[in-house]
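Protein chains: 2
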Amino acid sequence: MTSEVKIVECVPNFSEGRDLEKIEKIVAPLKNQQDVKLVNYEADPDYNRLVVTVMGEPQAVKKAVLEAIVAATELIDLNHHQGEHLRMGATDVVPFIPIRNMSMAETVELAREMGQAIYERCAVPVFLYEEAASRPERKNLVTIRKGQFEGMAEKLKQDDWEPDFGKREIHATAGVTAVGARMPLIAYNIDLGTDNLDIANAIARSIRQSGGGFQYIKAGGVELKEKGIVQVTMNITDYRKNPIYRIFETVKMEAMRYGVPVLGSEIIGLAPLEALTDTAAYYLGLHDFDSSKLIETALIE
Amino acid sequence: MTSEVKIVECVPNFSEGRDLEKIEKIVAPLKNQQDVKLVNYEADPDYNRLVVTVMGEPQAVKKAVLEAIVAATELIDLNHHQGEHLRMGATDVVPFIPIRNMSMAETVELAREMGQAIYERCAVPVFLYEEAASRPERKNLVTIRKGQFEGMAEKLKQDDWEPDFGKREIHATAGVTAVGARMPLIAYNIDLGTDNLDIANAIARSIRQSGGGFQYIKAGGVELKEKGIVQVTMNITDYRKNPIYRIFETVKMEAMRYGVPVLGSEIIGLAPLEALTDTAAYYLGLHDFDSSKLIETALIE
Numbered sequence: 418m419t420s421e422v423k424i425v426e427c428v429p430n431f432s433e434g435r436d437l438e439k440i441e442k443i444v445a446p447l448k449n450q451q452d453v454k455l456v457n458y459e460a461d462p463d464y465n466r467l468v469v470t471v472m473g474e475p476q477a478v479k480k481a482v483l484e485a486i487v488a489a490t491e492l493i494d495l496n497h498h499q500g501e502h503l504r505m506g507a508t509d510v511v512p513f514i515p516i517r518n519m520s521m522a523e524t525v526e527l528a529r530e531m532g533q534a535i536y537e538r539c540a541v542p543v544f545l546y547e548e549a550a551s552r553p554e555r556k557n558l559v560t561i562r563k564g565q566f567e568g569m570a571e572k573l574k575q576d577d578w579e580p581d582f583g584k585r586e587i588h589a590t591a592g593v594t595a596v597g598a599r600m601p602l603i604a605y606n607i608d609l610g611t612d613n614l615d616i617a618n619a620i621a622r623s624i625r626q627s628g629g630g631f632q633y634i635k636a637g638g639v640e641l642k643e644k645g646i647v648q649v650t651m652n653i654t655d656y657r658k659n660p661i662y663r664i665f666e667t668v669k670m671e672a673m674r675y676g677v678p679v680l681g682s683e684i685i686g687l688a689p690l691e692a693l694t695d696t697a698a699y700y701l702g703l704h705d706f707d708s709s710k711l712i713e714t715a716l717i718e
Numbered sequence: 418m419t420s421e422v423k424i425v426e427c428v429p430n431f432s433e434g435r436d437l438e439k440i441e442k443i444v445a446p447l448k449n450q451q452d453v454k455l456v457n458y459e460a461d462p463d464y465n466r467l468v469v470t471v472m473g474e475p476q477a478v479k480k481a482v483l484e485a486i487v488a489a490t491e492l493i494d495l496n497h498h499q500g501e502h503l504r505m506g507a508t509d510v511v512p513f514i515p516i517r518n519m520s521m522a523e524t525v526e527l528a529r530e531m532g533q534a535i536y537e538r539c540a541v542p543v544f545l546y547e548e549a550a551s552r553p554e555r556k557n558l559v560t561i562r563k564g565q566f567e568g569m570a571e572k573l574k575q576d577d578w579e580p581d582f583g584k585r586e587i588h589a590t591a592g593v594t595a596v597g598a599r600m601p602l603i604a605y606n607i608d609l610g611t612d613n614l615d616i617a618n619a620i621a622r623s624i625r626q627s628g629g630g631f632q633y634i635k636a637g638g639v640e641l642k643e644k645g646i647v648q649v650t651m652n653i654t655d656y657r658k659n660p661i662y663r664i665f666e667t668v669k670m671e672a673m674r675y676g677v678p679v680l681g682s683e684i685i686g687l688a689p690l691e692a693l694t695d696t697a698a699y700y701l702g703l704h705d706f707d708s709s710k711l712i713e714t715a716l717i718e
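Protein chains in written order, with this note's numbering: chain A, 418 to 718; chain B, 418 to 718.
Among these hints, one or two may not hold up.
Where chains are identical, the list cannot tell them apart; a pair therefore holds if satisfied intra-copy or between any two copies.
To be verified - With a Cα cut of at most 35 Å, we get these calculated DSBU-like pairs of lysine-lysine:
1. LYS642 <-> LYS423
2. LYS658 <-> LYS480
3. LYS442 <-> LYS710
4. LYS669 <-> LYS442
5. LYS479 <-> LYS448
6. LYS642 <-> LYS479
7. LYS439 <-> LYS669
8. LYS574 <-> LYS669
9. LYS642 <-> LYS448
10. LYS572 <-> LYS710
11. LYS710 <-> LYS423
12. LYS584 <-> LYS658
13. LYS642 <-> LYS572
Note that these hints are calculated values from the structure, not bench results.
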C-alpha cells in the first residue's frame, strides 16, 4: 500500500458497433488483466462505434489497450464501414485522462508513448490531440478528423498534416488514429426556477469561455418542457481550475439579477471523486482535507 | 464488475504494543490476502496495544482476522501484561464497520458469526457490543470491560454476565473478547472566531445528544490557545442520520446568536466517502447523486 499509486483512465473508440463477435475480440485483451480494470464497453449500432472505458496503472493500461488496438486493426476494414459517427480509423481516438496522483505532463507523456507504440505495432499513423497536441491547430479533434477516413490519404500529404508518428500514408484498412490527453470532463446542469429560456441563455453566456467567462466552461441554455423550467447545461473541462462550487455560486449570483431562484443541479454521467470532495471542503471551510482522508482510499491504492 | 460488492472494515485491538516479533506474527495472516486489504497497524508501547485496520469482502475479512486472533491467543499472556489502556483480552475488541453496500443488520450478523468462530477456535468467551449487543446494558464497551482481565473470571459468574458465546470461564491467558458492530465514527471540529470557551461549550451542549440535541453527536468545547480561538469538537457516530452539513449549518446558526463567525472546520482521521459526497450534494442541490457516479467507484468494486 502506498498513497502514490497512479491511476489513468483510457477511453478508446473503435469503429465497430454491430458485429458482436468482433467487439468481443477487441475487448478481450482488456479483461482479467492485473492492474487494469475494464470499466465498461458500449457498442452503438447506429454510430457503428464501440466506446471502451478502462482504468488502472498507466503502463498496464497502455499495454492492454495496445493489444485491443492490434485486434481492432486486424478486424476492422474502414473501406466497408458506415455509421452516423464521424471516424477516420479502425481505432478512431484514444484519450488518456489522469484520475489519481498523475499530472497532465505525465498523461501527455503516456499518450506520446502510446502513439509511438501504435505506429510500431500496427503501422497506423497517429496524430496527437488535446493536451498532447504537438501544435495548437491539432488540439481540436474535430480539425484532425475533418475529411474522415475517405479523405485522410490526401490530407496526410498536405504540408500541415504530417502525422506525429508514422509516414504520410494511411493504413489501407485501419486509417489513422488520434491519441490524446485531457482532464476528465464533467457534464453538469443547473436548474433555474423559470421557464424563460432567454435567462438560461444569458447566464450560460456570462459563465462560458466563449462569452468571456470561465476558461474551462462550455455552456448553453436548454428548456425542460415537461418540468416547466430551464437549465444552464455545461461541460466543465477542467474541474481543478474551474471547480463545481464556483460555477454553481456564480450561476446563483447571476440568477439573482433576474429574480430567479436556483433549484438544484445534476451531474450527468461520472465525475471524479476530487470534484465532489473539493466542493464539500469549500462549503465546510475544511482545512487540510484531501482524498487521502477518505476511508475508501485504502481500497484504491 | 458489479455495483453490489460489499465492503466491511474491521479494527481489531490486540494487547501487545511492544514486542515487534509478536506484532508481526499477529498481522501476518492479514497480509497479501485475496479480497482483504491491511490498511495499517499501529503499536503503542505505552498503551501496550496494537490497533489494526483491515477492509474488504466481509467473509474474507472475517476469516483473515480470525487467524490473527488465533495468533494473538497463542502469543499474548494477559497475566504478564501491563499498559495504560484498559483491556480484558489478548484480542481485546473486534469492531466491524459497514463501508459499502452493507446494512447494519448484515454487519451485526457478521459480528455474531465472528463471536461464534472465536469461541470455537480459541475457547475465548465473547461479548457482543454496540449495535451487535444482545441486551441494552452491553451496548457500551466500557461497561463490558469494567473489571478488566484481572476481574473477568469473577464477573463472568455474575447473573448478568454470561458471555454471548462460550462458558462463564475466561481463557486462562487470553481472557475475554468483545466483538461489535458500529457505524464509522467521524471526528469533526468546527472553528469559532472567538477565544471565549463558554461560547464553544454552550454551542456544544445545544447540538449534542446529552444536551437534547442531535442523537448521534458527542460534543464539547476546546480552546486552541496558540491560534487564539475555540472549537466545537465532536464525534459523529452516525453520519447517515446526522450528516456533517446539518451539524455545520446548525453550529453556524447558533454562533450567530453570539455574534461569532464560524471560521472553518476539520475532519480528524478518516471519513467515509459518502459523508463528503452527501455534503457536496446538499450544497449543490444535486438530484440523483450517489457514489456510483464517481469515476473511482469502478476501482473499488
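Evaluated hints:
1. LYS642 <-> LYS423: Result: close neither inside a copy nor across copies, 44 Å intra and 40 Å inter.
2. LYS658 <-> LYS480: within (31 Å within a copy, 45 Å between copies)
3. LYS442 <-> LYS710: This pair counts as between: shortest inter-copy Cα distance 28 Å, intra-copy 40 Å.
4. LYS669 <-> LYS442: This pair counts as neither: shortest intra-copy Cα distance 49 Å, inter-copy 58 Å.
5. LYS479 <-> LYS448: Both: 14 Å inside a copy, 29 Å across copies.
6. LYS642 <-> LYS479: Result: close neither inside a copy nor across copies, 44 Å intra and 53 Å inter.
7. LYS439 <-> LYS669: neither (49 Å within a copy, 59 Å between copies)
8. LYS574 <-> LYS669: neither (51 Å within a copy, 66 Å between copies)
9. LYS642 <-> LYS448: neither (43 Å within a copy, 56 Å between copies)
10. LYS572 <-> LYS710: neither (51 Å within a copy, 40 Å between copies)
11. LYS710 <-> LYS423: both (17 Å within a copy, 21 Å between copies)
12. LYS584 <-> LYS658: Neither: 37 Å inside a chain and 63 Å across chains, both beyond 35 Å.
13. LYS642 <-> LYS572: neither (44 Å within a copy, 70 Å between copies)
Consistency with the previously given hints fails for numbers 1, 4, 6, 7, 8, 9, 10, 12, 13, ordered from lowest to highest.
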